[in-house]
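There are 2 protein chains.
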Amino acid sequence: MSQQSHLNEFFEFLRFPSISTDSQHKDAVDSCADWLLAKFRKMGWQPEKHPTPGHPIIVARGETKADRPTVLIYGHYDVQPVDPVEEWDSPPFEPTIKGDKIFCRGATDNKGQHFAHILGVEETLREHGDLPVNVIFLIEGEEEVGSPNLPPFLEQHREELSCDICAVSDTGMIGPGIPTLTYGLRGVACLEFTVRGPKMDLHSGVYGGAVANPAQVVAELVASMHDPDGRITITEFYDQVLPLEKWEREMWAGLPDGDASTLAETGVPALFGEAGYTALEHRWGRPTAEVNGIGGGYQGEGSKTVIPREAMAKLSFRLVPDQDPTAILQLAQRHLEKHCPEGCRIEVELGHSGPAYIMDPHSPPGKAAQNALQKTFSSEPRLIREGGSIPIIQSFKDILGVDTILLGLALPDCQIHAPNESFTITNFEAGIRLNRALLEELAESI
Amino acid sequence: MSQQSHLNEFFEFLRFPSISTDSQHKDAVDSCADWLLAKFRKMGWQPEKHPTPGHPIIVARGETKADRPTVLIYGHYDVQPVDPVEEWDSPPFEPTIKGDKIFCRGATDNKGQHFAHILGVEETLREHGDLPVNVIFLIEGEEEVGSPNLPPFLEQHREELSCDICAVSDTGMIGPGIPTLTYGLRGVACLEFTVRGPKMDLHSGVYGGAVANPAQVVAELVASMHDPDGRITITEFYDQVLPLEKWEREMWAGLPDGDASTLAETGVPALFGEAGYTALEHRWGRPTAEVNGIGGGYQGEGSKTVIPREAMAKLSFRLVPDQDPTAILQLAQRHLEKHCPEGCRIEVELGHSGPAYIMDPHSPPGKAAQNALQKTFSSEPRLIREGGSIPIIQSFKDILGVDTILLGLALPDCQIHAPNESFTITNFEAGIRLNRALLEELAESI
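The listed protein sequences correspond, in order, to chains A and B.
Counting from 1 along the first sequence, just add 19 to a position and that's the residue number in my numbering.
Counting from 1 along the second sequence, just add 19 to a position and that's the residue number in my numbering.
It should be emphasised that the hints constitute simulated quantities derived from the structure, not laboratory data.
Do not take every clue at face value.
In this list, chains with the same sequence are indistinguishable; a pair is considered to hold if it fits within one copy or across any two.
[Said to hold, decoys possible] List of simulated lysine to any residue pairs, SDA-like, C-alpha gap at most 25 Å: (1) 45 / 318; (2) 218 / 106; (3) 265 / 110; (4) 218 / 296; (5) 386 / 418; (6) 58 / 118; (7) 357 / 247; (8) 120 / 73; (9) 61 / 270; (10) 120 / 345; (11) 218 / 195.
Computed from a prediction, not measured in an experiment: that's the story for all the values here.
Could you build all of it, start to finish, from the sequences and the hints given here?
Below, the structure is given as structure tokens:
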């Protein structure tokens with residue numbers, strides 16, 4: 020199959036605005052699932068579309084033979100919202116090629132990365148009529164909202180999803196052409212809180228000075244989470260944090276300069292965080308408390324001198340081994356409630372969460388993954404962790420009892436979760452080759 | 020003229036969505052000015068509509084006689100925005116009567132209060148064919164955006180606006196039926212600041228912990244303006260504050276319980292502010308630093324784990340004698356710039372401002388005002404200050420050289436600047452009688 024026909028199919032897949040967090044896009048998410056279903060049918064498989072209380076899960080499997088290992092390949096067809104939409108240089112859901120890059124929401128995260136696996140399997144089947152291992156594709160539509168329905172689904176289908184290893188491409192490469200195995204991920208725990216004061220918006224001249232301002236209180240609560248050195252002040256927050264091991268810090272120190280690349284990729288005027296850690300250590304091996312959204316009062320043109328009746332903030336905590344997300348959310352909730360002044364009321368709503376993940380990169384499947392990466396990119400793979408969260412990886416461990424190989428194809432400048440997300444044609448095609456090499460290596464090693 | 024015909028005319032005036040802060044409503048503001056012009060023409064006057072770089076100013080004067088004092092009556096036909104519009108129980112620009120109350124944006128602030136003066140003058144003219152004093156109406160369309168074009172207008176028309184006293188109804192009454200003379204107002208100084216960090220929204224997993232989060236920085240900057248006791252921490256902020264005088268504190272202590280009424284009117288669970296002051300003293304006699312709007316990151320449904328590229332806050336400071344608004348804005352800007360961490364850049368945009376105002380309530384025009392209030396409401400007037408700002412009052416003093424009598428008709432529950440603003444029919448009609456009594460009293464006293 021030609022590169023052009025690969026791209027044509029990929030672009031059809033990308034055009035669905037499958038934003039899982041926004042109920043207005045429910046139909047688009049569903050249509051996107053149907054498109055995947057049709058794709059697997061074209062490959063001669065009998066895929067299944069499983070409804071959930073949220074968005075459907077697609078399961079597709081090739082021929083199963085008892086004498087060979089089973090590899091479960093996971094991906095997600097849902098994508099992040101696109102706002103601020105005015106900052107996109109091309110329509111967010113119209114794939115646009117510029118040079119080697121395909122610009123589209125979901126291009127890298129995660130449609131491109133798992134669709135390359137599908138095309139790899141399709142090519143192997145076309146050339147050999149069979150695969151070297153049993154393959155199950157498991158592709159969900161709720162990763163961007165924390166995969167609430169996938170763990171119950173894994174529980175219910177534990178037998179039919181039984182496998183020896185999971186493979187996921189939803190992480191990043193150190194740089195173009197540098198193959199990268201990710202052996203750890205941070206966890207995440209989200210919450211939102213609303214502070215309410217007066218029963219209505221007040222004239223800040225008439226009442227200002229005598230009543231607490233909910234926007235001020237939200238700001239104070241957000242500010243209260245860090246000390247001036249950037250260390251998180253929530254009581255017991257760091258108690259379960261495993262320190263980084265010596266070999267990890269040394270390996271990461273040997274990577275291309277993380278401090279400089281963090282500055283270059285983000286454009287910030289200076290780095291941030293508690294002293295004693297590099298940027299990569301902050302991003303991969305240390306927990307955070309972050310405000311992802313804050314809002315209250317008048318945000319339009321001009322001024323409006325009100326004391327708003329309420330204000331809110333959305334927080335997320337990035338977690339490392341061995342922090343427990345449920346415990347962290349409880350600590351955070353206690354911190355916020357304790358620090359809310361008596362002039363306001365606070366309501367804390369706990370959101371999705373998942374623990375950090377870590378696997379041994381020197382295990383047999385870890386070695387197989389390194390070999391496949393070496394073959395695909397003709398270069399020594401680097402061993403890293405990543406800062407993002409894929410809570411489902413922990414569920415594969417807990418429910419299916421298997422480790423996950425994380426073979427990321429995202430490049431540092433691909434702008435996932437931001438305007439102008441892109442995926443390179445180079446990595447899209449490499450992903451197809453990587454799938455083919457990986458299945459061969461896994462057939463031999465496990 | 021009947022009450023019904025008064026209301027019919029008033030409702031026509033109210034229906035213009037004359038929101039001065041929002042450029043989308045420019046035509047409505049202009050049409051509202053034209054309506055006023057037509058009203059004065061119907062009274063047999065030759066009013067003038069003066070264009071400005073913003074919204075037009077209406078000037079209307081009756082017959083001028085050299086042997087009697089001249090009273091300038093000021094009002095503003097522009098109104099505040101209506102958001103959150105979903106919290107209105109009736110359409111914001113469709114006057115809706117419930118019991119004694121007329122619900123509409125601008126009903127109290129300020130269309131109702133100055134339109135009563137117009138009707139008072141119209142009635143006196145109809146009954147007597149003349150007025151006891153010379154009257155000039157000066158009605159502008161930019162009070163809610165800080166009256167930027169009125170001071171230059173006063174400078175340019177200083178001679179034709181020459182007068183002995185100004186009268187303004189744009190303040191409040193202690194309670195229904197309690198006549199109130201306001202002898203002081205707080206000033207105001209506004210600014211907006213934006214904090215920018217990364218060049219784009221970042222994935223909070225990928226980069227979180229290594230870069231400063233602009234929403235977090237905005238929260239910290241807002242929080243940095245107060246100490247835990249509610250005292251403002253900006254250096255030199257209190258240096259020019261005149262302490263309250265003993266007689267003022269005693270008079271205010273004799274008013275209906277300000278602490279209890281502040282709690283009841285606002286619905287807050289507890290009062291706020293530095294110790295040692297009553298709620299009324301906080302509201303009328305002490306300065307504030309308030310956040311009127313704050314925003315950054317994802318504020319929609321669900322969660323989006325980003326580090327936003329920028330976040331912002333709108334601040335306003337309520338000022339008391341003798342604080343200088345320009346100096347306060349400079350102190351605030353210096354505070355914000357000094358406290359912004361090196362991982363972000365801050366941009367501070369200074370907005371409108373005006374100093375606090377104070378007059379002597381025991382002067383001849385102050386006494387005339389008290390007499391008119393006594394006649395209209397058959398009760399002893401109370402002497403108060405108010406917390407809101409009418410910067411133009413200071414301009415009348417500085418440019419026209421005259422004091423201003425503040426004869427407010429707003430009630431504590433009229434919800435100016437908030438959803439469901441209202442004005443009572445009782446006070447609308449009292450305003451008409453008050454104008455007639457005031458002009459008679461002023462004719463005798465000055």
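A quick look at each hint next to the structure:
1. 45 / 318: Result: close only across copies, 20 Å inter versus 29 Å intra.
2. 218 / 106: Intra 36 Å, inter 11 Å, cutoff 25 Å: inter-copy only.
3. 265 / 110: Neither, since 46 Å and 66 Å both go past 25 Å.
4. 218 / 296: Result: close only across copies, 23 Å inter versus 46 Å intra.
5. 386 / 418: Result: close within a single copy only, 23 Å intra versus 84 Å inter.
6. 58 / 118: neither (27 Å within a copy, 66 Å between copies)
7. 357 / 247: both (20 Å within a copy, 14 Å between copies)
8. 120 / 73: Cα proximity of residue 120 and residue 73: none, with 32 Å in one copy and 47 Å across.
9. 61 / 270: Neither. Shortest intra-copy (44 Å) and inter-copy (86 Å) distances fail the 25 Å Cα cut-off.
10. 120 / 345: Cα proximity of residue 120 and residue 345: none, with 40 Å in one copy and 51 Å across.
11. 218 / 195: between (55 Å within a copy, 21 Å between copies)
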